[in-house]
Every structure is written in C-alpha cells, then in structure tokens.
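Using the supplied hints, reconstruct the complex from the two chains, each of which is provided in its own coordinate frame.
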Amino acid sequence: MRAKLKRLSGYIWVLPALIVLGIFVYLPLIQNFGFSVTEWDIYSGEQTFVGADNYAKMFSDPIFWTSLWNNLWYAVISIIMQVFGALALAATIESLRRDRWRRMLRAIYFVPSAISLTVAGLLFYFIYEPNVGMLNSVLEGIGLGAFAQPWLGLESTAIWGIIAMSQWQGFGYCTLLFAVAIQRIPSELYEAASIDGVGPIRRFFQITMPLVREMTALMMIVTISGAFQVFNEVMVMTSGGPNNSSQVLATWLYRNGFVKNDFGYAAAVAVVIFAVTLGIALFQLWITRRRRVEW
Amino acid sequence: MYPRKMAQALTAVAATALVLTGCASGGGDTAAVDITADPEYSGTISILTKFGGEPLGPFFENAAAAYTELHPDVDFELIQETDQSVKDKTKTLTASQALPDIYFTWTGDWAENFIEAGLAADLTPVIAPDTEWGSTFGEASLDAFKYDGKYFAIPLYNNGKFMGYNTAIFDELGLDVPETFEGLIEACGVIKDAGYEPIAFGNKDGWPGLHYLQQLFAYNVPTGELKADFVPETATLDHEGYVKSMNEFKTLVDECTNTGEGSNGVLYTTSQQAMADGKAAMYYQEILEFDTINAEGNVVNGQGFDIFKLPVPEDAAGDAQAIEGSPEGYLINSKSPRAALAVDFMKFVTNMENATIMASPPYGQPSTVIDAVSAESSSPAVIEGIEQVNEASQIVIWLDTVTVPDVAFAWLAGGEGLVSGSMTAENVLESVRAASESAK
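Chains as they are written, first to last, in our numbering: chain U, 1 to 295; chain C, 1001 to 1440.
Extracted from the complex, chain C is given alone in its bound form (with noise of 0.2 angstroms):
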C-alpha cells in the first residue's frame, strides 16, 4: 500500500508543479510601444544601470534629479548595479517578466537575447543615423546594436582595452613602448629586475584572462574565422591560432604578474590598486578605468601615466589593427507603458552638456556623442583611447559576451584552468569546442 501512496503523491506533486509553472507557456505579447509619441511627462521611469558605486553612481542620480526639475511630475526608480552584478540583476529582472523600462546591455549575444525575444523596443525611428538624435552620435557606436538593420539601443559610451603603464617606471629602466607581444614579454623580465611587478594581474572572476585571449585571438585568427567560430552552428574552432594564442597568454602569466599560477586568487580591483600605487609597471584595462586609476592623488598620476595597444605577436594570421572592446548601451523595454517618456529621458542623458559630464572627471566614461570627448572635458590618455579605437580596423566584442553563455562559460573556466596550470592550450580548447558543439 505504502509505495503506491507515495507513488500517488509524487504524481499529484509533479502534476500541480506542471500546472503552477505553466508548462510550454510562452511570456505573452503586448501591443509593440509607439516610441515617436509625444511623451505623457508624469509617471515613475524605472532605469537599471551599470553605475553602482563610486565614483559613476551619482551620474544617472543627478541626471533624473535635473530631468524631475524639468518635469515636476516625473520620478525615477534607480537601480544602479555594478559591473559584475548586472549579469545577475537583468536576469532575474527578465526570468520574473519584471524588466524595467530601461535598462543596461552589453553588445553581442548578451543585446541579441533581449531583441529577438521583444523586449527590447526598435528605436530605429528616432535613433537611425539619420534622425535628429541619431545624427548626434557615431555611426560605429549605432551599428554596434543594429541587428537585422534595426537600430535597438542607445550606445552611451565607448570601450576599448589596452595596457596602461607608468611612465616613470619605463623612463627609470630605459624602456620603450614595446612593439611586439615578444619585446613585451623582455620587457617584463627588466621590470621584475628592477623589483616592480611587469604586469598586475587579478583573475578572480574569470573575464580579465579572457580580455588578454580575445584580443590575441583577433590578432592571431584570420577575421572570417573568428567571427564564423563565436557562432556555435558554423563554429569549428580549429585555427591553430587558438593554440598560439593561448601560450602566449600563458607565457605572459608567467613572465610578466608576479602572482604567476595565484592570479586566479587575486582581484581585478588589486591589480588595479597595484598599478594606481605604482608597484606595478603595467595593467591591462579598459577605457573605463583610466581616470580611476590616474586619478587625482594616486601614485601613477604624480608619476605619469600612458597607455598603448597589446602589442601584436610575431607571424600573427589575423588582424593587427583590431582593438578588443565595444560600446556599452541601453534598451527600452517594448512593453513599457512609459517607452516614449523612457525614449527622451535618455534624449536629455546623452544631450551635449549631460555627455560632456558624463565623459569629464570623475566619470570618464568615453561618450558616444560626436564631440563629447575633448581636450576640455577629458583625459589626454581617455581621448588618445577613444582616438584608437575609431582608428582601429574593427572592434572585437568580448569573449564572454560576443558568443553563447555555454561557450563563453567553457572560455572563462578554461582561461582559468590555462592560468593556474592545470590545462594546456589544447585541453582548453577541447573543452570549448565541446561546449560549442552542444550547443547547436
């Protein structure tokens, strides 16, 4: 009697369970938002950001304290997440149907979920390069987010990697910028000499190892192949550039941080602390983080500080113009009652006085807006960044973003397992090429 009850009740459980998710139920569709409407100015705009903490946290604060003086009867929910919490925000904002009426994305893989499922309104009307708004921005940072000639997001500023290093250290050894990935690799063993740390290195979660491959992946895999392999239906992952790449990463681990096959125990935050005490010569960073690390009464800044491109490796296949990184942007919710209101706040975010602080000190965050980035409102090390990457042959999104969380997933643990030694370059990309093919 007994296994049949409990098998009676395990069927009513698991019943009830299928009826209470809503088994191969869909999310619903709501009528698409007229975005050209004239905005209603009243309401709560709910806005989720990538600026939580200092020193980008009070932007948006006082962007929608301006914007609420303009509009009495407007106010804002701010949610304000940092880099690394953003992932999980957004996603536990999307699995509950709860995403706010604007709200943060990466390029690639990451904005592509969010469009091909509808949530993210099409802005092509207003924000196309040649609309009023549209006109005001970069056509470069616009196509970022154009997908099946659409445009879907307003891109708010640019990004771009590259090796910031200090000047005063290089000058101390007799050091120039090196040209070659190898000349950086010597370059290292005269700064360990000297008693600095070459590189500051901290890869506690993964994506700063990823940065260095992404960016040798462009310069080692010819351009076609790259692109062909983020895609797991056309991926084949067999340029012998993959390999190279890998164990010239690893040799810089090895040759150029002082925390060698430790850096996975030590945070992106420390080396930047590193860099900004002037114990290290060099960190390999994001346009982003300049002025956080040049900041006003940190070591480097009284030293000098510059930045210049991972130099490229010897016999490299691919693109030695290519510059990893990508615009930064957000959606509008399509099934925002407020998407029109939603549409001109950001409207008044990226106007010329709203751009120009957003890329003056303390923020430093490389507005899209033509002109925005100047002599005036930026760094020099902020513009000659900025100046790179609209140089640069093309823009190589990031690994962890460009192609399908399995796959980025198989990259971030392999990049680790490269890191601390228990994975050669080939086991790594095994295991990629493994997670590539089940993911088709």
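Here chain U stands alone, though its shape is the one from the complex (with noise of 0.2 angstroms):
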C-alpha cells in the first residue's frame, strides 16, 4: 500500500508539467491538424472543411519547394559548420596548452552567440547593404571590386547571404558545447595515444570523435530541426525575397497566412515542418542508439 502510494505520489508530481505541456504544446499541435484540412476565412470565422486539399495545392506549389529547399540547404551547411566544423575548432581549442588562451578563444568564439537573432540580422543587413555595406567596402578596399554585389537584393546570392550570417551566429555556441564535451574525456587517453605515437589528426578521429558521439548526435538533431524552424533572420534580412528566392517553409508559412489570409494552407505548410522535423530526430536518435561508450 504505502509502495503504491509512492509511485502515485511520483505521478502527481509530474502531472503540472504534463497539464501545461498538454495544453501549450499538444493541443495547439493537434489543432494546427485540423486547421490544415479547413479553409479558414479568419474575417468571419468559417472553417469550411477541404480534405486534403491544401496538401495537393502545396505538392504543386513551386515556392514551397523553393522553401523546402532553401531548408535543406540551410541544414547541410549547418551541420558542415555548426556541427563538423565546430567540433574541430573546439578539438584544437582544447589542445591547446595554456588554459588563458583556451578561456579566451572560447569567449571570442560564444560572444555572436549572445546576440539575438533579430540583432544579428539587421548587423548583418547593413554589412551586406548595397549602398554603405561593409562588405562591399572591404572587398573593394583589397582589390576584389569586381565581387562586390547588392548580396540580399539579387535572387542568386539572397539566400547564401542568410545562411552565412546564420552560421556566424551559431558556430560559437556549437564549439562551446563540443569544447565542454571534449574536457570530459580523460586525459590519460590522448597521453596513451601520445606515448604510442599516434598523431593529433589520428587522436581526433580514433578517440575524440568516438567519446563525443552522443553531443554529436545532438547537436545534429538540435541543428536540423532549427534549421527547418528558421524564421526570424530570414524576416529581418529579406523577408522571403528578392521574388521569393530566400522563402523559407516557415516564412512561407507565415506569408501565406498573414499575407494572402490562406490560413489552412498554412497549417498544412506547419505540418510538414513538423513532420520532416519529427522524422530527422527519430532517425537520428535510432542510428545514435548504440550503447554509451563508457570509461
């Protein structure tokens, strides 16, 4: 009895959690659901019921698979920089000797990082501003005029421009995390391989790439699923455009919606963010799931 009366006391505790995940996260997941398969006339209020509708328009929507793959460009690259990148910057972080200029590089690295997105877009608005951007300037001031371009306001480069700025933002917080994950790893273990002569390229991909597997795997899955959330640099810098060129699925979602009042069309659009959002995390949870390396 009293066993039982424990387990239930457990119950009871995590219950307020479960109520507030329940009613701020699932319910408005499960509405967004059936708002997909409605045509939503927000002046009157009707919702008319569509079926799957709004899906068909979608498949046969060009600028939803220029959004679609503006994501997928937007996860590579991150998970190139934010993910590989990072992990290797932070391994020769970490490799080095003094622990002044481990701090110090670190603190450099993070301080973008500080910064919200929405200031870091307008930073990077004007760096990139045709008129008196710095990036012009510079490229002009060392000899590379002829490369100097209006970078958000040409259909070809407005996007790259984004995702630029994008990883700028969030290399140092990657490293960070790597930086920390590495400082767990037992030091015996690089000075074995040391002692047995194996290289520090040999050292990074034979010990410290194994024993950071899991912050790996995380920060994939963390890395992914923001880069199919992306919403607020790419409002800040071209809102979508030149022409649509920089839409991404949650900008088209928000244009669809509060631009051309299609809000079932844009539900239908929340769905496949969350769907192909959902799908890489259980995928990358099921090939991460070997057992934890222990020491």
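Keep in mind that the hints were calculated from the coordinates and are not lab data. Using N, Cα and C, we set each Cβ at its ideal position, and we do this for glycine too. Hints may be right or wrong, so weigh each one.
[To be verified] Straight line, CA to CA, 20 angstroms or less: simulated SDA-like cross-link-like pairs of lysine to any residue:
(1) C:Lys1091 with U:Ser44
(2) U:Lys260 with C:Lys1089
(3) C:Lys1440 with U:Ser60
(4) C:Lys1440 with U:Glu39
(5) C:Lys1335 with U:Ser44
(6) U:Lys260 with C:Ser1096
(7) C:Lys1091 with U:Thr48
(8) C:Lys1089 with U:Asn232
(9) U:Lys57 with C:Ser1438
(10) C:Lys1091 with U:Asn232
(11) U:Lys260 with C:Glu1437
(12) C:Lys1440 with U:Thr48
(13) U:Lys260 with C:Ala1117
(14) C:Lys1091 with U:Phe258
(15) C:Lys1146 with U:Tyr43
(16) U:Lys260 with C:Asp1109
(17) C:Lys1440 with U:Ala56
(18) C:Lys1440 with U:Ala17
(19) C:Lys1279 with U:Phe126
(20) C:Lys1091 with U:Phe231
(21) C:Lys1089 with U:Ser44
(22) U:Lys260 with C:Lys1335
(23) C:Lys1087 with U:Arg98
(24) C:Lys1440 with U:Ile127
(25) C:Lys1087 with U:Ser44
(26) C:Lys1440 with U:Val259
(27) C:Lys1279 with U:Asn131
(28) C:Lys1335 with U:Asp41
(29) C:Lys1309 with C:Ile1185
(30) C:Lys1335 with U:Tyr43
(31) U:Lys57 with C:Ala1439
(32) C:Lys1335 with U:Gly45
(33) C:Lys1087 with U:Asp41
(34) U:Lys260 with C:Glu1430
(35) C:Lys1089 with U:Tyr254
(36) C:Lys1279 with U:Ser137
(37) U:Lys260 with C:Asp1088
[Said to hold, decoys possible] A few chain U residues facing chain C, derived, Cβ under 8 angstroms:
(38) Tyr43
(39) Thr92
(40) Pro130
Laid out in structure tokens, this is it:
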C-alpha cells in the first residue's frame, strides 16, 4: 500500500508539467492538424472542411519547393559548419596548452551566440547593404571590387547571405558545447595515444570523435531542427524575397497566413515542418542508439 | 498489428483535431451595437493604431491622456504598430477574435474584408456627409470608405504619392521639373553625371516598387479596365499598358537609381535617409513622409525641398490626372460593448484642435478635417500635396491593398522580379493573371 502511494505521488509530481505541456504544446499541435484540412476565413471565423486540398495545393506550389530546398541547404551547411566545423575547432582549442588561451578563444567564439537573431540579422543586413555595407567596402579595399554584390538584393545570392550569417551566429555556441564534451574525456587516453606515437589528427578521429558521439548526435538534431524552423533572420534580412527566392518553410507559412489570409494552407505547411523535424529527430535517435561509451 | 494501431491513432488525432478546431463553425454574431447611444464614460477603450514609433507615437498617447482628463473613468489600451507590422497585428487579432474597439484600416479590399464579415460598425447615422460630425470631413475622404451606400470608417488623414526633390541640386544642374516620364529619365542622366544619386529607391519590402507601378498603370491603362482588373471575377489584365508601365518602371530602376538590380536589398528608410541627407536628388514618397524627410536639421531642409507628381509617359492611354494614394482611417468594432464611447473618442480625436495638431509638425499628417491643413499648421509641401490630391481626377488606391491578397502578392513578387531582372514584364503579367484566375 505504502509502495503504491509512493508510486502514485510520483505521477502527482509530474502532473502539473504534463498539463502545461498538454495545453501549450500538444493541444495546439493537434489543433493545427485540424486547421490544415480546412479553409479558414479569419474575418468571418468560418472554417470549411476541404480534406487534403491544402496538401495537394502545397505539392504543386513551386514556392513551397523553393522553401523546402532552402531549408535543406540551410541544414546541410549548418551540419558541416556547426557540427563538424565546430567539433574540429573545439578540439583545436582544447588541444592548446595554455588555459588562458583556451578560455579567451572560447569566449571570442561564443560572443556572436549571445546576440539575438533579430539583432544579428539587422547587423548583417547593414554589412551586406549595397550602398554603405561593410562587405562591399572591404572587397573594394582589397582589390576585389569585381565581386561586390547587392548580396540580399539578388535572387542568386540572398539565401546564401542569410545562411552565412546564421553560421556566424551559431558556430560559437556549438564550439562551446563540444569543448565541454571534450573536456570530459580523460586526458590519460590522449597521453597513452601520444606515447604510442599517435598523431593529433588520428587522435581526433580515434579518440575525440567516438567519445563525443552523443553530443554530436544531439547537435545534429538541434541543428537540423533549427534549420527547418529558421524564421527571424530571413524576415529581418529579406522577408523571403526577392521574388520569393529566400523563402523558407516558416516564412512561407507566415506569408500564406498573414499576407494571403490562407490560414488553412499555412497550417498544412506547419504540418510539413513538424513532420520533417520529427522524422529527422527520430532517425537521428535511432542511428545513435548504440551503447554509450563508458570510461 | 502495428500499422493498424498507427492508423487508429492517426484517426483519433484527426477526429480530435476537427472537434477542437470547431470545423465549419462560424464566428458567431452578436447584436448590432447602437453607436448613436449616449456614451457611458467609463471603462477601457482599446485602439490599434498605425502610429507606432517616432514621431507619430505621441499623437494618440496625448489624445488619450487629454480625453481621460475630461472623463477620468475612461482609460486606454493603445496598441501602436508601424506601417509594416500593423498588417500582421490586425490579422492576428482578427483570427483570434480579439479585435480592439477601434482599429486602423486602409481603403479597398483591406477594409471590405472587415465590412463584409460584419466586423466594422455601420457609422452612417453619425458620419454621413449630412450629419454634424460628417460635415467636418472632406466628402471624398468619407466616400473612400463607403460601401453599399453606407459609411464605415473615420478617415483620419489623406495621402498621395509624389516625387520629392532637392531644389538645390536641380538649380545647380539647371534642371526644371520634368514634364514627361521620358524627361525624368533624361534628367536622371544629368544628375548621375554630377555625382548624385538621381532617385533613392529601396525595395526590400516590395511595396515601394508597387507604388511606381500603380501610378504608371493609372496613366497607361484606361480607368474602366484598370478597375475591372482589380477584381478577379472581372479581370482580364490584357491591356498593353501593363507591359508598357512595367518596362518604364524597369527603365527608371536601371537609369535613375544607384542600386539598380540590387534595389531589393535596400530598405525604404535607407532611401528616405539618402534624400534627407542631400545625397539623392529625388525620392518617391507619400505626403505622410514629407515632414520626416524635410525635418529641421536634415540637409535637404537647408537646401530646399519641393514635390511634383510622377510625370506622365508619352502615349499614355489612361488617366493623366490620376494620383495614387488614399485616405487612411479607423473602423469601430461592431462587437464592441463600448462602441458609442469609441465613436465619442474618435469625435474628440478629429475635432479641429486635434486635427490641427495632427496636421502640424512633427506629425505632419494631412488631416481629412476641412480647414485643418492650413498655412499656419502645415508645411508648404504638405499643403501643395493635399491641393494636388484634391484637384486630381481620381485617387488610385495602393496596388497591394486595392485587390485581393493572392493577386497583390503576385504583383509584389513580380515587382521584385522586375527590379532584379529575373522576370520580364510579360512574365510578371502572366503570373498575376494566373493568381487572379485562381482567386476567382
């Protein structure tokens, strides 16, 4: 009886969190599925069931595919830069002998992450600005004026300008997390490898990478999910333009809901974002479920 | 077993979702409010304005404070947004059925959505031209919000689009105000050779480009066809004036701006600043912007600021006397329990004293109240702008609010494509026709 009560009390303790999650996360999620199969007139409040029409419309919508591709590029570049690039940088920083240098470099790389995305977006908007922007001035200053571009004003360069800003902003944060994971690896492993004549690059692949696998998996999930939820920086820097070339799924959702009044279609785009991020997260968890490395 | 369980779970989720969203349910009607009733001077009036930020922000704050001084039991919840953010805020509040007592509106399709859905109170008994309050407004301003013979909005200020120019640069280069669009393009070459930016242009938000296009459409497309083309059910969009206008706009972007194809990467506020700093000779702007650009302390204020209507192209088949613009106003929420009080507050906001304050610097908003814009209250440019608007044969409403959102969005993307050079005028027209067709 006592044991049963004790078990029940556990449920009681988690109940408030479950209720809050249910109301603020899962209920809107379920509601969104409902909205995605309706045509919703926000003015009259009338919702008409349209079945899979919004999904059919979405798959024949070229801007939806442009958005999806932009998100995919965002994810691929973010994985290269913010997962593998950050891991390599963290390993390099942690291999420095002097602690003062390590701390200073960690701080330097982390500073951009402390800036809000909106502020960073605005900052880079002015760096890219064709009239007074720093990037074009620097290019001209070093004799590369021929490469100066209205970076955010051209369909061919706008999304890449945004992705580059995002890497600058997120790189330091990932580096810091990897640095913490590397610090947890016992130094004896590196010392033994050094005595055996193993060089720094092989040590990185044979010791560091396997022992930070969990952190790498986590960072990949976070990075890919983040890449499919990107919104602020695009809105601040290009609003999805020019001519929809830098739309991502979240801004396309927003455009449909708040500009075109098509909230049902916007909900269908939201379902796709949810499905993609959930699918990727489940896949990542599945392939990294191998036993944890113990030491 | 597993797929069956999965299917059951999905069915349950879908069913729950439909129940939770209340599919096929309407917004629900409430009894019509009596706006003619004597207001009860207590409670909180909520207002969504488009006066967010400086220098406009204090106008409604001060008016609300003055009203509270007269009626101590009345207080205010002010939601002040900017030109861009008010669109999103209004739609969020509409979708969540939380519209304030008084809310901002443009003319055209924007206002019609609220009126048709019964979200705007019919103000005819208090604001029709033959009423005491209505007779204080210019009739054309009231008519801009007239639907099916009823008046729905309180027009707060007029607006129109003009080319502002730096008179010192024009004098220095011996230029006169161009009389034709082709003359304007020629003048751009002279200004550019002298080292100035002829026309500052920032199209990051898309609508600055649409403002040029709409004025050129009014010049190049016969009025009847143009108006029919705003409505998907009657649109054909096959007049040659559209392609002509878009090509003229593209010429202007290429010949008259320093940023050319990259103008989509420039904010309109950056262009404003270029004009204010005396770096650009011209900037296409609304009357509402005159006093901001020509404010005391700005370089252009010391050099000289004047305006002219965008010159008419040769062989224009439309209305050469039309000016693009429209009054902007406020609707009263038809479901507001304080509608009568809201009307009383808007009477207070539009009395001669407050209308004059609004028309004077630093606000410089050309009030729709008769005689509020005068030499004593307003800058010469604002007075000239308003006079030209009053003399125009017609006011052509902004392209992004006059038509349905799908078509407006197609114009917006097409305008950006024209600027960047990725779309031809024919491509743009084709995409707009497709959007109009699917919006029928």
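Verification of the hints:
no.	hint	result
1	C:Lys1091 with U:Ser44	12 angstroms, holds
2	U:Lys260 with C:Lys1089	14 angstroms, holds
3	C:Lys1440 with U:Ser60	19 angstroms, holds
4	C:Lys1440 with U:Glu39	15 angstroms, holds
5	C:Lys1335 with U:Ser44	13 angstroms, holds
6	U:Lys260 with C:Ser1096	17 angstroms, holds
7	C:Lys1091 with U:Thr48	19 angstroms, holds
8	C:Lys1089 with U:Asn232	17 angstroms, holds
9	U:Lys57 with C:Ser1438	11 angstroms, holds
10	C:Lys1091 with U:Asn232	19 angstroms, holds
11	U:Lys260 with C:Glu1437	15 angstroms, holds
12	C:Lys1440 with U:Thr48	17 angstroms, holds
13	U:Lys260 with C:Ala1117	17 angstroms, holds
14	C:Lys1091 with U:Phe258	6 angstroms, holds
15	C:Lys1146 with U:Tyr43	19 angstroms, holds
16	U:Lys260 with C:Asp1109	12 angstroms, holds
17	C:Lys1440 with U:Ala56	19 angstroms, holds
18	C:Lys1440 with U:Ala17	48 angstroms, violated
19	C:Lys1279 with U:Phe126	18 angstroms, holds
20	C:Lys1091 with U:Phe231	19 angstroms, holds
21	C:Lys1089 with U:Ser44	17 angstroms, holds
22	U:Lys260 with C:Lys1335	25 angstroms, violated
23	C:Lys1087 with U:Arg98	55 angstroms, violated
24	C:Lys1440 with U:Ile127	43 angstroms, violated
25	C:Lys1087 with U:Ser44	17 angstroms, holds
26	C:Lys1440 with U:Val259	18 angstroms, holds
27	C:Lys1279 with U:Asn131	11 angstroms, holds
28	C:Lys1335 with U:Asp41	18 angstroms, holds
29	C:Lys1309 with C:Ile1185	14 angstroms, holds
30	C:Lys1335 with U:Tyr43	13 angstroms, holds
31	U:Lys57 with C:Ala1439	13 angstroms, holds
32	C:Lys1335 with U:Gly45	14 angstroms, holds
33	C:Lys1087 with U:Asp41	16 angstroms, holds
34	U:Lys260 with C:Glu1430	19 angstroms, holds
35	C:Lys1089 with U:Tyr254	12 angstroms, holds
36	C:Lys1279 with U:Ser137	18 angstroms, holds
37	U:Lys260 with C:Asp1088	11 angstroms, holds
38	Tyr43	3 angstroms, holds
39	Thr92	35 angstroms, violated
40	Pro130	5 angstroms, holds
When held up to the earlier numbered hints, the structure conflicts with 18, 22, 23, 24, 39 and fits the remainder.
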